[in-house]
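**Q** So you can see what is in the structure, the chains are spelled out below.
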Amino acid sequence: MLLLINNISVVYSDVIQVLKGVSLSIEEHNIVSLLGSNGAGKTTTLKAVSGLLKPENGKVTDGEIIFQGEKIHNKAPEEITRLGIIQVLEGRQPFKYLTVEENLRVGTATRPGQSFKDDLELVYHYFPALKTRRKMKAGYCSGGELQMLVIGRALMAHPKLLLLDEPSLGLAPLVVREIFQIIKRINEEQKTTIILVEQNANMALQIAHYGYVMENGRIVMEGRANELRENPDIKEFYLGLAPDGEGHSYTDVKAYRRRKRWL
Amino acid sequence: MEFFWQLMINGLSLGFLYGISAMGFVMIYKSSSVLNFAHGELLALGAYIFLAFMMWFKIPAIPAFIITLVLCFAFGFLVERVFLRPLIGEPLIFVIMLTVGLASMMKGAILLLWGGNLYTYPEFIPQTLTLSLGGVNIQPVYNVSFMLGVVFLLIFGFFFKYTSQGIFMRSVADNQRAALSLGVNVRRIFALSWAIAALVAGMSGIVLGVINGINVHELSAIGLKVFPVVILGGLDSIAGAIVGGVIIGVLESFTGGYLTPSLRDVVPYIILVGILMVKPYGLFGQVEIERV
Amino acid sequence: MRALKFRRCGNFHESYREELNVFETDFGRFWVVIGFFFVFLILPFVATPYVLYLVTNIAIYAIAVIGLNILTGYTGQISLGHGAFFGVGAYAAAIMATRFHMPFLLSVFAGGLITATVGLVFGLPSSRLKGLYLAIATLAGQFIIEYVLIHWEEVTMGTMGINLPRPTIFGVDVGGDVKFYFIAFIFLFFFLWMAVNLMRTRYGRAFIAIRDNDRAAEGMGIPIFPYKLLSFAVSSFYAGVAGALWAFFTMTITTEPFNLGLSVEFIAMVIIGGMGNMSGAIFGTVFISLLNEGLRLMADILINARIFDQAALTMAPLKEFAFGLAIVLFILIEPRGLAEVWRIVRSNFRLWPFSY
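Residue numbers (numbering that gives the first Met the number 0), protein chains in the order written: chain A, 0 to 262; chain B, 0 to 291; chain C, 0 to 355.
Mixed in with the good hints there might be a few duds.
To be verified - With the Cβ distance kept under 8 Å, some of the chain A side facing chain B (calculated, not the full set):
1) 49
2) 51
3) 71
4) 81
5) 92
6) 95
7) 101
8) 104
9) 109
10) 152
Claimed, not checked - In silico SDA-like links for lysine to any residue, alpha-carbon gap of 25 Å or less:
11) 160(B) <-> 218(A)
12) 116(A) <-> 164(B)
13) 19(A) <-> 36(A)
14) 19(A) <-> 142(A)
The set of hints was computed from the structure by calculation and includes no laboratory data. In this text the structure is predicted, and so the values were computed from the model without any measurement. Where is the CB? At the ideal position from N, CA and C, for every residue including glycine.
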C-alpha cells in the first residue's frame, strides 16, 4: 500500500465542504483512475494529497492521508513534493516565458544540487517532440506539446506517486491516445504509481488497473478497471454505451432513478 | 566638441548609476511581480547604514561595506516576511500601495534618525583609479560604479539563465501555482529575491552617496526615476535596466546641457509616456503571452 | 403612508427597482436627514474657525477622493496622478477667474472641464496598458503636469502663485469661512449624490464589470476603451472641481501642494476608506485628514510644552512615518477599509448576541 486516504473531508474557506468522507487506497506500481462528473471532487482529492489545497484556502478537516506510513495531510506542498508526490495540474500550466528545457529543470526543485542530465535524456526519450523544441519558449508550444512538457516536468522530480489531472483536456483524440500510451509506458518502465483523474472514462479505464467513481464528494463505486468497464451503469453513463443501443426515456422511472444516482 | 564629450561621459556614468539602481527593482519584479515604490528608500537605507558604520563606529571602508550589504540583505528578507508575504495573491493595487506605505515609513524613520541634512562620506576610494579619456577625466568613483555594474550584471545574467535557483525564481514569477506543485519553495524564493534586491539597492545607494552626497529626498527621487529606466529597458530584463539607465542618463545630461536645465528632471517621464504609448513592454521586455 | 422599512434578515427583493434603492431602510434615510441637519444647521454655528476650516478642507478633499474612487475603486484603474489633476483644477479655475473674470461657479465648472480633458489625455495609455503599467503612466503624468505648472510661467505665474478674487454667486459674496463652508458641503452632497447615482446606471455597471474582469466585460459587449476613458474623465472632473473649490477656499495657490505626496494621500484615502464604496471615500478622507491634524497638534503641544527642543524638526518625519504605517496596517489588517469596519460594527450591533 503506497497511499491510503482514510475518510477525509475537505472544506474550502471554512464554509464550503467539497469532500465528504473519501477513502482510497492506492497499491504500488498501479495506475488508478478517478472518474466522475464536473464538481464531483476529483481535483480536490488530488490537491488534498499534494498539499495544494493550502494556497486555495482549503483544509482537510477530518480523516487522514498516509503516504508510506507517514501522515501527510495539511502539510505544506514543499514537504509533500519532497516525499515524491508530484501533481500535474489541470489545464497544463507551463511556465510560459521559460524555454522547454528550463521548464524541465524546474522539475528538479525537490532535489536541489543533484545532476539532472540523465533525467533530461529520459524525458526526451519518452517525448521526442520536446527535444526539437527545447530552446523554444513554452508559451509558443502547442497544446499537445505542453501536456507532454508538464508530464515530463513532473518526471524530472523522480516521483513515486504521480497525480495527473485531466491530461486529455482539450486535446485531439489522436494526441490523447499518444499521451495515454506514454503514461502507460512510464508506469511500466519507471514503476511510477499514477493516479489519473479523467473525464475521458474510456481511455482512462483502458490503461488503468483500478478505478474509483466519485459523485458529490463521495466515492460511489470502485473496482478493477476491467470490471468497471463491464459494469452496465458505468457503460451507460460514463462510456456512453446504452445496452440496447438507444437512450432511455425519462418516463422510464427505473432507469431515471438509476441515472439520478450517478449524475 | 569638448562640451559634447563631457556631457556624454556625465550622462553615461549617471545612466550607469540609474541602471544599477534599477537592477534591484527588476530583481523584485522578476521573481514576485511586485512593483516596488520603496526602492529609493532601500537605496537610501544602504547609503545611511554605510555612513553610520564609517562615521559613527569608525570602521574602515571595506568591512563597513560588507557589513552594510549583509544588513541590507537581512532587511530585505525581513520586509518580505513581515509585509509582503500576507499579501500574496491580493490585487495589484494593495501591493503597490503597501510599498508606497513602506516608502513613507522608511523615509520617516531615516529622517528621524539622521535628519534631512546632506552628508558626505570621508574619502575612501584611491585616486589612482582616475581614468583619462581624450582629455576628459573620469572620476574614480564612476569607474568603480562601472565595474560594480558590469560585475553584478554578469553575475545576475548567469544566475537567472543557468543556475537552478535563478530558474526557480523565474518560474515562480511565471506561474506560482505550477511552481508550487513542483515543490519550488515559493515563499523562500520571494524572501530571497527581496533580500538580494535590497542588497543590490544598498550597494547602489552607497555609490550614489559617494557621488552626490547622502540625502533621503535625493535618493528617494532617484528611486522614482527607476520607473522610466525599467520601462524603457523592459520591466523584467536586467540588461535592459542598464541600457535603459544609460539612455535615460545620456538624454538627461544632454537636455541639461543643450536645452534648459530645469527640463532635465521631467525628460525621463516624457520619454516614459512615449514608450508606453508605442512599445509598452520596453526595448527588452517580454511580450505578454496570453492564451485564452 | 407606506410601512416603514427596516433591515430584513435576508434578501427579499421582489423587483430590480428595490435592488437599486439607495437606502435599503428608512433608518438609513433617517440618519442622512440627521446628518444634513447637523452639517448645515448645527456645526457651522458652534464650531471654532479652526474646526470649520478643517471640516471645509475635508469636504473639498472628499470630492476629489470620490472621483478617484470612481476610477480606482469602481473601474479598477490605478491613478497616481490625482494630486496633479487636483492642481490642474485649481489653476484652471484661478486663471479663469483672474484673466477672464469669470464668476465663481462658472470658473469652478471650467476648472472641472479642463481637468477632465487633461485626465482624458493621461487616460489614453489605458487603451493599451493595464495594472502596473498604467500606474507608472499616471505617475509620469504627475511629474509632467507638475513641471508644466511650474514652468509655463506666462499662464501659471510659476512659483509666484496666483491670488484669487473673493467668490461670489450672482453678486452675493460667498467668501469667508462660514459661507464657504456651506458652499463646500453643497458641492460635496451634490457630487456624492451624482456619484452614487452614476453607479446605478449602465455606465456605472460597465465600470464595475471592467474592474472585475475586463476581458469578460468585453465579451459581454462593453466597449472597454471608451468606458475607461469616460471613467478617467469623470474622475478627473471631480478632482478638478475639488481643486477649483480649494483654490477659492485658500485664495492663493502655488504649485507646491500638488505634488506626488498629495496623489499618494488621495489613494491612501481611497484605500483606507474602502475601495469601491462611496461612504468609504468620506471615511478615508476624514481619517487621513484627522491623522495629519492630530500629528500636527501633537507637534505643537510638544513644542509649546518644551518637552522636545527639536520637536519641530522631528515631527515632519514622524508624520510621514505614521502616514505610511496607517496605510500598511490597513492593507494588512482590513484591506476593504473603514467602510468594511463600519459595516462589521453595525452588523455586530444589529445581530447581537447571535452573530450568525
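**Q** Now look at each hint and say whether the structure bears it out.
**A** Cross-check of the supplied hints:
With 8 Å as the threshold, the beta carbon of residue 49(A) comes within range of chain B, its nearest partner Cβ sitting at about 7 Å, so the hint holds. Contact between residue 51(A) and chain B, as hinted, is supported at the beta carbon level, the nearest pair being about 6 Å apart and thus within 8 Å. Because the smallest distance between the Cβ of residue 71(A) and any Cβ of chain B comes to about 13 Å, over 8 Å, the interface hint for this residue is violated. A distance limit of 8 Å between C-beta atoms decides the matter here; for residue 81(A) the minimum to chain B is near 6 Å, and the interface restraint holds.
Given the 8 Å rule on beta carbons, the hint for residue 92(A) holds: about 4 Å separates it from the nearest Cβ of chain B. Taking 8 Å as the C-beta contact cut-off toward chain B, the hint placing residue 95(A) at the interface holds, the least distance being around 5 Å. Evaluation of the residue 101(A) hint against chain B yields a held restraint, the C-beta minimum of about 5 Å falling below 8 Å. This hint holds: residue 104(A) has a C-beta 5 Å from the nearest C-beta of chain B, less than the 8 Å allowed.
Below 8 Å, beta-carbon pairs count as interface contacts, and residue 109(A) has one with chain B at about 4 Å; its hint therefore holds. Here the hint on residue 152(A) is kept, as its CB sits about 7 Å from the closest CB of chain B, short of 8 Å. In summary, the hint linking residue 160(B) to residue 218(A) is not supported, as the alpha carbons are separated by about 46 Å, beyond the 25 Å threshold. Straight-line distance between C-alpha atoms of residue 116(A) and residue 164(B) comes to about 17 Å, which keeps the hinted pair within the 25 Å bound.
Proposed proximity of residue 19(A) and residue 36(A) is supported: the alpha carbons are some 16 Å apart, at most 25 Å. Under the criterion of a C-alpha separation no larger than 25 Å, the hint pairing residue 19(A) with residue 142(A) is inconsistent with the structure, at around 34 Å.
Hint compliance for this structure: hints 3, 11 and 14 are not met, and every other hint is.
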